[in-house]
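Peer 1: Numbering (my numbering), first residue to last: 223 to 321.
Think of the hints as simulated: they come from the structure by calculation, not from any bench.
On a predicted model such as this, the values are computed, not experimentally measured, just so you know.
Keep in mind that a hint or two might mislead.
To be verified - Pair by pair, the computed Cβ-Cβ distance ranges are:
1) Gln264 to Thr234: 40 to 48 Å
2) Gln254 to Pro227: 39 to 47 Å
3) Ala256 to Thr230: 38 to 46 Å
4) Gln264 to Gln302: 49 to 57 Å
5) Gln285 to Ala252: 44 to 52 Å
6) Ala258 to Gly282: 45 to 53 Å
7) Ala307 to Gly282: 18 to 26 Å
By construction, the Cβ of each residue, glycine as well, lies at the ideal position given by its N, Cα and C atoms.
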Amino acid sequence: MLRRPPTTLAITAEDVAAYEDRRASEALQAAQQARATAAQAQQQQQQQAQQQQRQQQGQGHQQQQQQQQHGQQQDLTPGQAARRAREERLGMARRAGGR
223 MLRRPPTTLA
233 ITAEDVAAYE
243 DRRASEALQA
253 AQQARATAAQ
263 AQQQQQQQAQ
273 QQQRQQQGQG
283 HQQQQQQQQH
293 GQQQDLTPGQ
303 AARRAREERL
313 GMARRAGGR
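Take these sequences, add in the hints, and give me the full structure.
Peer 2: Below, the structure is given as structure tokens:
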């Protein structure tokens with residue numbers, strides 16, 4: 223069995239500079255990615271907060287409408303109340319201005 227001489231590595235200053243440049247570039251990309259991810263997460267949180275706020279406002283509005291409709295239905299005769307209930311079930315909603 224023959225032995226070959228050990229491999230000798232010759233690292234130059236250019237090799238070291240290229241390695242350091244590559245590592246710095248990778249670190250910069252990682253930092254940019256982290257910033258982008260953080261910005262996206264913050265944007266999602268803001269959207270969720272706005273959506274929750276809209277839902278809360280919508281629920282308050284729905285309660286108001288239900289109270290108004292309930293008050294309006296109390297003013298109706300039984301025949302009119304039945305007709306209105308039927309129209310609501312069929313989706314024939316009355317316009318705000320009346321008939």
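Peer 1: Hint by hint, note whether the structure agrees.
Peer 2: Each hint tested on the structure:
For Gln264 and Thr234, the hinted distance range of 40 to 48 Å is satisfied, since their beta carbons lie about 45 Å from each other. For the pair Gln254 and Pro227, the beta carbons lie near 46 Å from each other, so the given range of 39 to 47 Å is met. Between Ala256 and Thr230, the C-beta spacing of about 40 Å keeps the proposed range 38 to 46 Å intact. Roughly 53 Å separates the CB atoms of Gln264 and Gln302, a value that falls within the hinted 49 to 57 Å.
The given range of 44 to 52 Å is respected by Gln285 and Ala252, whose C-beta atoms sit roughly 50 Å from each other. The hinted window of 45 to 53 Å between Ala258 and Gly282 is violated, with their beta carbons roughly 37 Å apart. Hint check: Ala307 to Gly282, Cβ distance near 24 Å, so the stated range 18 to 26 Å holds.
Taken one by one, the earlier hints fail for this structure only at number 6.
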